[in-house]
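Take the given structure of chain P and dock chains G, Z, V, H and Y to it, following the hints.
Number of protein chains: 6
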Amino acid sequence: MTRILLLNPNTSTDVTDLLVQAASPFLSAGSTLIPVTAPRGVPYIATRAEAAIASGIVLDVLAEREGTFDVAIVAAFGDPGLGGARELMPVPVIGLAEAAMLSACMLGQRFSIVSFSRALGPWFRECVAIHGLLDRLASIRLLDGPFASLANVQDEKEGLLIELARRAIEDDGADAIILAGAPLAGLAARVRDRIPVPVVESVVAAVKQAELLVILNSKKASAGSFRRPDPKPSIGLSPALERSLLAGTSPASQRHEKLS
Amino acid sequence: MTRILLLNPNTSTDVTDLLVQAASPFLSAGSTLIPVTAPRGVPYIATRAEAAIASGIVLDVLAEREGTFDVAIVAAFGDPGLGGARELMPVPVIGLAEAAMLSACMLGQRFSIVSFSRALGPWFRECVAIHGLLDRLASIRLLDGPFASLANVQDEKEGLLIELARRAIEDDGADAIILAGAPLAGLAARVRDRIPVPVVESVVAAVKQAELLVILNSKKASAGSFRRPDPKPSIGLSPALERSLLAGTSPASQRHEKLS
Amino acid sequence: MTRILLLNPNTSTDVTDLLVQAASPFLSAGSTLIPVTAPRGVPYIATRAEAAIASGIVLDVLAEREGTFDVAIVAAFGDPGLGGARELMPVPVIGLAEAAMLSACMLGQRFSIVSFSRALGPWFRECVAIHGLLDRLASIRLLDGPFASLANVQDEKEGLLIELARRAIEDDGADAIILAGAPLAGLAARVRDRIPVPVVESVVAAVKQAELLVILNSKKASAGSFRRPDPKPSIGLSPALERSLLAGTSPASQRHEKLS
Amino acid sequence: MTRILLLNPNTSTDVTDLLVQAASPFLSAGSTLIPVTAPRGVPYIATRAEAAIASGIVLDVLAEREGTFDVAIVAAFGDPGLGGARELMPVPVIGLAEAAMLSACMLGQRFSIVSFSRALGPWFRECVAIHGLLDRLASIRLLDGPFASLANVQDEKEGLLIELARRAIEDDGADAIILAGAPLAGLAARVRDRIPVPVVESVVAAVKQAELLVILNSKKASAGSFRRPDPKPSIGLSPALERSLLAGTSPASQRHEKLS
Amino acid sequence: MTRILLLNPNTSTDVTDLLVQAASPFLSAGSTLIPVTAPRGVPYIATRAEAAIASGIVLDVLAEREGTFDVAIVAAFGDPGLGGARELMPVPVIGLAEAAMLSACMLGQRFSIVSFSRALGPWFRECVAIHGLLDRLASIRLLDGPFASLANVQDEKEGLLIELARRAIEDDGADAIILAGAPLAGLAARVRDRIPVPVVESVVAAVKQAELLVILNSKKASAGSFRRPDPKPSIGLSPALERSLLAGTSPASQRHEKLS
Amino acid sequence: MTRILLLNPNTSTDVTDLLVQAASPFLSAGSTLIPVTAPRGVPYIATRAEAAIASGIVLDVLAEREGTFDVAIVAAFGDPGLGGARELMPVPVIGLAEAAMLSACMLGQRFSIVSFSRALGPWFRECVAIHGLLDRLASIRLLDGPFASLANVQDEKEGLLIELARRAIEDDGADAIILAGAPLAGLAARVRDRIPVPVVESVVAAVKQAELLVILNSKKASAGSFRRPDPKPSIGLSPALERSLLAGTSPASQRHEKLS
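Protein chains in written order, with this note's numbering: chain P, 4 to 263; chain G, 4 to 263; chain Z, 4 to 263; chain V, 4 to 263; chain H, 4 to 263; chain Y, 4 to 263.
Bound conformation, chain P alone:
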């Protein structure tokens, strides 16, 4: 039984529902999805500031639930807190953007990221850069203009998003399209036939990559830059996070691991 924590770092439960609906049909027989919505933060992360706020909250939620899941997904495109979560957790953690981009890499040489709000651009670009995938990026194309509601933005903008994807293919040389952002979960399946290159459904990619990492059965690093950090005291953090930081690799065992 593989327990997959699907952590939506946005506070909108509507978005969590979209993610669950899009991913559920693709779960393997032995997998369970544990959806969690961020208890604090903003309805939809779109900027560096909101991502910075979400980073700590992601760690908080994961620390609180440590031991109850076998792999975790940080389910906001932009992957807030991913690196830190990967250090701290004893099980694999992956990001929505990471899973979508790496999957897209197997479907062509360059992918484009298409989404519904221009505000997302700088944050998305920095996310691609951090993953070292700028060479594989054909373009980021974003709609310009307001939308009525997060829960329905994918219906409202469907035609415009398809048009944007087609421009990415024709003008930017995209071999694959990622419809990015948790609020677009489920859209790929509906529009696939109207976009002439493979379209990656981020949350499905994330769930399947999560299962893959569990199957690969890769142990937690006890060396390298993603080993659990040394135990560290803290003040003013949640009890779970405080506990998690204190539970780091003890220096003793770490030294034992030091290679000659």
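Hints are computed from structural coordinates only; laboratory data are not their basis. Where hints are given, some of them may not hold.
What the hints assert, rightly or not - Computed footprint of chain V on chain G, listed as stretches where at least three residues anywhere in the stretch have a Cβ under 8 Å from a Cβ of chain V:
#1 59-73
#2 233-240
What the hints assert, rightly or not - Quick list of simulated restraints, FRET-style, between CB atoms:
#3 M4/P to A154/G: 32 to 38 Å
#4 E173/Y to A250/V: 21 to 27 Å
#5 S31/Y to A250/V: 31 to 37 Å
#6 D138/H to R197/Y: 38 to 44 Å
#7 G33/H to D175/V: 48 to 54 Å
#8 A250/G to Q24/V: 30 to 36 Å
#9 N220/Y to A250/V: 39 to 45 Å
#10 D233/Z to P236/Y: 49 to 55 Å
#11 S27/Z to Q24/P: 55 to 61 Å
#12 I37/Z to D174/V: 33 to 39 Å
Stated by the list, open to error - For the chain Z half of the interface with chain Y, some residues (derived, Cβ under 10 Å), not all of them:
#13 Q112
#14 D138
#15 G176
#16 D178
Note that CB positions come from ideal geometry on N, CA and C, so glycine has one too.
Chains G, Z, V, H and Y only, in chain P's frame:
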């Protein structure tokens, strides 16, 4: 039922057997593995010249079997012929190196490639470059010296390969290790406990990524740089490959696809 | 009168004191330093996880004090939360690493970062990458081994750090040295004569660059990726941060700014 | 006497004739051109798949003729099989694209590649990347639309290609123009006066660079990544190629070469 | 008292006056500006050739005045001779472009360079590349067309330059704008309110960075690539430059400096 | 008849003699070498400062002799003044480093630069960077220690340079070796048999590339960044250089050239 063609571009059936043994336990319920060994070529591809020879043979074998599989794996680390195969085939094709590297990316910031023969270095490096992943590469570390037989090289060199992996972690900053090359298939599982970061088993990664691509159900591109090439006559090629080149997207349908 | 908020994202007031002592002699006549120590978090940030936690706390502290300063310094080498702070604040915000690295760029072609703990390496490297300065980086050299106390680590390790700096110059081609990390504040002045290239004192660089930004009198962006984000509701955040997120550029004024 | 093998990896003898006509007037007194047309393959290589097929055929032809030439040119822009040929052959081998691009580098900071078919784009771009020259590339500009025949495409499209070159200069910042693709051999001389920057004739550049490499008299590498690979058995290949693979550097002599 | 040599490598005293006027109000209490106009060369450097000529003249002027200043500014955007000056002089030397670009980096992720003459483009781009800042560059945008006089070009083109800056922000993603070129000195202050992101005044940035370097009190390198070169005889140079080249670090003292 | 100006930017006629001796045997029948030694400057350029001084002198010499040669070689490894010379001269100009590096690119994937003085390192590296060839550079390896005389340094250091080349091959992965610096002219031919990869003789490469550019018959750019700059007045320069700057493309003819 997902039919996964596992094409070993080397002519050694021993190596094909190693690949099948390593991958089989991890197949999903609905998947079948169709192993194929290259009918022509060299026992073990190690250089640019041998990879160039294998590229055409890979296309040949795939063309001959087109229609009998739902996804194909080019199972030599170095991915000979991968780009061409992805253009030509109506179903997804992935490479052993590609699958291993992209999986490793989810387990750390930088990975090292460890293998048993120094001759492999230049070809491997060019493969990483073509995939645009040099920023994620900590190092390529290769043993220097002869080995008794391909089929047993992983036993013969086990200790030295572990030592090399440890040096990659300690000196090069590797967060994950790929034991590369089809002849090392199955080794990761045995040595995992003696290497202090995640170790990626390439062929398991490839099989699971292949299943993932089928589940993502991404259609064949009819635009972009991986759409099926225009039909083209040829001379002197195998009947299957000739047929496959002739069966390209007709210019008419392609024009229909041209986006405004 | 220029009010410079010097925010130490670590919780150690000892480190804050070091920073203030090192910077004070170099303040311009019209400048005041407002030192603040993070009220929550860890004594000394050293990993991605700890930086992720600090990011949100940095925004929190800045939001709470908005209006009381003319420029802010995020005074941990690694610059946690810098991008978000720069979006959110109506005045300039700079990072300790950023100020040190950009200053070092004027003293040579490549700089090395020297510090006291190997754990800092991955976080520091990602910081250099985010600032787009990897081409200017000769090396990051870090001591390996425990230290007695943060407050005295610069005394305890003085000789070893000088040795490391010399190796960076001789073996890595460094033209300038950054003694990195808030706990090393003040060390540069003492060891300068024993290191044969320019040594940058990070906090002095940060204070002077902060004054420079105020003098340049550059207005807050109302366009581009660092304009104040659109107003956004939130839940569970501190009242100050909630207020700050709500006070974003109103969409109306933003549209007015949209350039034809 | 320098014998230059001019190997057209396309099967169209028309194209071979164009290449010979364009290059012959520029041959040095002591040079002879030995034109060879690929006996198998496609009339005009335009995609990754076709290049993969051609790679092995290039090696085959070269192996068969080994000993009858002093230098070889792989005369398709895209350089199929170049790296492998350089490993395998005891004499220098250069590519049409490589020779054109390196010559263009001496005529300006950035060059543009102009050709007659959009299908060539992805393959050309990967060729530039493999040669590590993306920084020197201003743009690849390609005509969109069918053409009547390979042999006359340069006449049919002359005006449009000049227009494309001018756009590359004006809009993309090209300092030099490469009219790319063997079917355009000879066009540069005719259109030079209507293009306001230097225009490189690829096959002339290739012939002169081939002569230069012979004059430099650089010995075949017996170390490094282009030394002749270790001898290797094979099955199902042409007798010539089988012989060539078997004739590799013997491990004994190679060890002798191993540097301390 | 900090003596700042402001060396205008152009021969136009009008431009020197503009620089002095723009910078003077921002000088710190203890600073004096020593303006110098190049005694030889061209009125306004705009090309690689003119910059090459200016490079030697910059060294000449600095050598002649060595000992009379505490820091020097090479006040042409493009920084002719900067690297050599930094080697040769016993005090810090900075460039106008360098100071402006590094300051802009603290005001956003990417900056655009806006100027009045298309001829400047290639030289400016190579300057950004030499400083390793291409990743931080959003665009270079230049007016196309003649101007009446250098001294008044900023008035004549004011509206068009603002328009160009706005296009850089809207279309190229600039977070900050540099109005580049000594003839635009002083313009930033006047147009700041009509450009919706921070605008960097290059000469003010240069003067303040110069003061900062003096305050950082970084000693002249006696190792690394900017130590004073070994003493070297010369012929036909100005007496001052000849003396300066002869006064290099003596090999003896250099060897003493060699680190073990 | 091709008149090749071989301009040694160093003032040592000994070095000019070495260059002429090394190149002469390889001149084509119709070529003449016109050797010129810099009338001003230093005996051997080794630093950024010396290169900056040489840049203007190179332009001066070329301007003075304009009309008396069909192609020019800037014969110091480091290529001082190359870009400006290429703008200003109506015939092709190439650099010693440029010719050697581009030729080496055809002999392997990565080359190493080997020379006799550590002081040359920074200048050489910046030269490789300016040519956009860092990806092709395996390493720069330089001897550390004094030498008796420029004219005999190649004899004195022969054994050490061979050893350095071998280390570059074995440890750095060099596929080809450039013995760099005009004082090493002629050495390659003598040591070729003791270095197991191709060795490029820079001045031979330069002369043959110069002949190639003349044969390619590429017209002087009248557009792009290497067209002759607009005419410009100057003061205090040599009469020849003043004339050359005044003789630029007149704006009128340039406008005529402006492409629609």
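Evaluated hints:
Chain V is given as covering the segment 59-73 of chain G, and this holds because 4 residues of the stretch bring a CB closer than 8 Å to a CB of that chain, at least three being needed. With 7 residues having a Cβ less than 8 Å from any Cβ of chain V, the segment 233-240 of chain G passes the three-residue criterion, so the hint holds. Distance hint check for M4/P and A154/G: the Cβ-Cβ separation is about 37 Å, which falls inside the suggested range of 32 to 38 Å. Taking the beta carbon of each, E173/Y and A250/V are about 24 Å apart, inside 21 to 27 Å as hinted.
The supplied range of 31 to 37 Å is met by S31/Y and A250/V, whose beta-carbon atoms lie about 35 Å from each other. For the pair D138/H and R197/Y, the supplied restraint of 38 to 44 Å holds, since their beta-carbon distance comes to about 43 Å. Remark: the range hint 48 to 54 Å for G33/H to D175/V is upheld by a beta-carbon distance near 50 Å. For A250/G paired with Q24/V, a C-beta distance near 35 Å keeps the hint of 30 to 36 Å intact.
Separated by about 41 Å at the C-beta atoms, N220/Y and A250/V satisfy the suggested range of 39 to 45 Å. With their beta carbons about 54 Å apart, D233/Z and P236/Y fall inside the hinted range of 49 to 55 Å. In this structure, S27/Z and Q24/P meet the distance hint of 55 to 61 Å, their C-beta atoms being roughly 58 Å apart. For I37/Z paired with D174/V, a C-beta distance near 51 Å fails the hint of 33 to 39 Å.
The interface hint given for Q112/Z is met, as the beta carbon of that residue sits about 7 Å from the closest beta carbon of chain Y, less than 10 Å. Given hint, D138/Z at the interface with chain Y, holds; its Cβ is 9 Å from that chain's nearest Cβ, closer than 10 Å. Interface hint status for G176/Z: upheld, as the beta-carbon distance to the closest one in chain Y is roughly 8 Å, under 10 Å. Because the smallest distance between the Cβ of D178/Z and any Cβ of chain Y comes to about 9 Å, under 10 Å, the interface hint for this residue holds.
Against the hints set out earlier in the document, a violation occurs for number 12 only.
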